[in-house]
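Trainee: These are the residues of each chain, in order.
Protein chains: 2
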Amino acid sequence: MKDKIITISREFGSGGRTVGRKVAEKLGIPCYDKEIVEKVSIESGFVKEYVEEKGEYLSASGKMSTLFTLHHLYSNMSNEDIIWSAQVKVIKDLAAKGPCVIVGRCADYILRERDDVVKVFIYSDEDSRAERIVRLYGEKTETPEKRLKDKDKKRSSYYQHYTDMEWGNPRNYDLCLNSGAIGIDKCIDIICTLEE
Amino acid sequence: MKDKIITISREFGSGGRTVGRKVAEKLGIPCYDKEIVEKVSIESGFVKEYVEEKGEYLSASGKMSTLFTLHHLYSNMSNEDIIWSAQVKVIKDLAAKGPCVIVGRCADYILRERDDVVKVFIYSDEDSRAERIVRLYGEKTETPEKRLKDKDKKRSSYYQHYTDMEWGNPRNYDLCLNSGAIGIDKCIDIICTLEE
Numbered sequence: 001m002k003d004k005i006i007t008i009s010r011e012f013g014s015g016g017r018t019v020g021r022k023v024a025e026k027l028g029i030p031c032y033d034k035e036i037v038e039k040v041s042i043e044s045g046f047v048k049e050y051v052e053e054k055g056e057y058l059s060a061s062g063k064m065s066t067l068f069t070l071h072h073l074y075s076n077m078s079n080e081d082i083i084w085s086a087q088v089k090v091i092k093d094l095a096a097k098g099p100c101v102i103v104g105r106c107a108d109y110i111l112r113e114r115d116d117v118v119k120v121f122i123y124s125d126e127d128s129r130a131e132r133i134v135r136l137y138g139e140k141t142e143t144p145e146k147r148l149k150d151k152d153k154k155r156s157s158y159y160q161h162y163t164d165m166e167w168g169n170p171r172n173y174d175l176c177l178n179s180g181a182i183g184i185d186k187c188i189d190i191i192c193t194l195e196e
Numbered sequence: 001m002k003d004k005i006i007t008i009s010r011e012f013g014s015g016g017r018t019v020g021r022k023v024a025e026k027l028g029i030p031c032y033d034k035e036i037v038e039k040v041s042i043e044s045g046f047v048k049e050y051v052e053e054k055g056e057y058l059s060a061s062g063k064m065s066t067l068f069t070l071h072h073l074y075s076n077m078s079n080e081d082i083i084w085s086a087q088v089k090v091i092k093d094l095a096a097k098g099p100c101v102i103v104g105r106c107a108d109y110i111l112r113e114r115d116d117v118v119k120v121f122i123y124s125d126e127d128s129r130a131e132r133i134v135r136l137y138g139e140k141t142e143t144p145e146k147r148l149k150d151k152d153k154k155r156s157s158y159y160q161h162y163t164d165m166e167w168g169n170p171r172n173y174d175l176c177l178n179s180g181a182i183g184i185d186k187c188i189d190i191i192c193t194l195e196e
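As you go down the protein sequences, you meet chains A and B in turn. Each residue of the first sequence is one higher than the one before, starting from 1 at the first, in the working numbering. Each residue of the second sequence is one higher than the one before, starting from 1 at the first, in the working numbering.
In isolation and in its complexed conformation, chain A is listed as follows (with noise of 0.2 Å):
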């Protein structure tokens, strides 16, 4: 696994992040996940907060910004396509360096040309994911089971938006893990071992 890139798609909650970063840390590899907001902040010009959001999620409805910018003068490009064409560049370039784990940000689709990427998509029950949003990042005045259909919901849309294909269908990825079922850390070796 060692020479492979993995890009790890994962449901808010299920660790996903964590997986990828303990991968990349077993195998000697760089993991990029927030490192990706920050390039594609620079590439695209939009502050990091902004991207944050508008490069994973879609609003439910599936409605783009109409927030006008500086952009809108020179292109009918939205500014999620902006940050999507950055993105799409910040992804690529990344993976030209040599082996890595991305987290998110619909990387299996950018780099879907390349031979030497792994898919993995991580999922987990509702119950796990609860516990686990609620223990990393507090409680809030939605429900934890709100809060996770939004964040699904968002992510879902806007993978199928710049994808055209169904996120989390297994037949997208190489393996998918159901990190509440069999453990975060049994994901982990299973990642690394791959190629062993």
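Any given hint could turn out to be false.
No distinction is drawn between identical chains; accordingly, a pair holds when it is met within one copy or between any pair of copies.
Below, simulated DSBU-like cross-link-like pairs (lysine-lysine); rule was C-alpha separation at most 35 Å, straight line [unchecked claim]: (1) Lys4 with Lys140; (2) Lys26 with Lys4; (3) Lys89 with Lys39; (4) Lys149 with Lys26; (5) Lys4 with Lys22; (6) Lys4 with Lys149; (7) Lys97 with Lys140; (8) Lys34 with Lys48; (9) Lys140 with Lys34.
Worth flagging that the hints you see were computed from the coordinates, not collected in a lab.
Got chain A; can you put chain B on it based on the hints?
Mentor: This is chain B only, laid out in the frame that chain A set:
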């Protein structure tokens, strides 16, 4: 894994049956596949060939058989329902005997109330599956693509009809492995080493 029951759902041509048999061999536990057909045949009174067809496949239209049998004198159950009931009993009885591998036949759903079941889904891309079915089962008048589509449709309809769940949705399984991408041997290794 030696103390677990492993259920393997699989797409036609994905090699899931081979994976199941070899996992059982490696773990030294029984693999139930064709044996289920024999037992259901005895339990239900239908011949094996009929059980094999009706115990996993629903016609694409979703219609049940209207063949009149003696069973219909005593109940309003269709032949498929009678076979399903026998299959539920046979699979629960086999699971009660101890650790084993069970291939297909909605065993993941039938055993859903047990907490010692590992649920696996094996799938693959269409090209790998088409190549495999021609190699194993020979050429037929229908194209391999048509044969795959028909079998998938019937298995999916059957699963949906009796479980009210979506066949191949990763959330119904503990892990989903793309045998075309990672190879059949790696699928076997991953399942065998899950509990090491």
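Trainee: When no copy is specified for lysine 34 and lysine 48, does a C-alpha distance of 35 Å or less occur within a copy, between copies, both, or neither?
Mentor: within (9 Å within a copy, 57 Å between copies)
Trainee: Checking an output row: lysine 4 and lysine 140, CA cutoff 35 Å. Within, between, both or neither?
Mentor: Neither, since 39 Å and 39 Å both go past 35 Å.
Trainee: First find the shortest C-alpha distance between lysine 4 and lysine 22 inside one copy, then the shortest across copies, and answer within, between, both or neither for a cut-off of 35 Å.
Mentor: Both ways: lysine 4 and lysine 22 sit 15 Å apart in one copy and 28 Å across, limit 35 Å.
Trainee: When Cα atoms must be at most 35 Å apart, do lysine 149 and lysine 26 count as within-copy, between-copy, both, or neither?
Mentor: Answer is within; shortest intra-copy Cα gap is 32 Å, inter-copy 41 Å.
Trainee: Is it within, between, both or neither when you check lysine 97 against lysine 140 at 35 Å Cα-Cα?
Mentor: neither (40 Å within a copy, 47 Å between copies)
Trainee: Is it within a copy, between copies, both, or neither that the alpha carbon of lysine 4 lies no farther than 35 Å from that of lysine 149?
Mentor: both (32 Å within a copy, 32 Å between copies)
Trainee: Within a copy, between copies, both or neither: which one fits lysine 140 and lysine 34 at a CA-CA cutoff of 35 Å?
Mentor: Classified as within: same-chain Cα gap 23 Å, cross-chain 52 Å, threshold 35 Å.
Trainee: Between lysine 26 and lysine 4, at a C-alpha cutoff of 35 Å, which is it: within one copy, between copies, both, or neither?
Mentor: Answer is both; intra-copy 14 Å and inter-copy 29 Å each pass.
Trainee: For lysine 89 vs lysine 39, is the C-alpha pair at or below 35 Å within one copy, between two copies, both, or neither?
Mentor: This pair counts as within: shortest intra-copy Cα distance 10 Å, inter-copy 58 Å.
Of the hints listed earlier, those the structure fails to meet are numbers 1, 7, in rising order.
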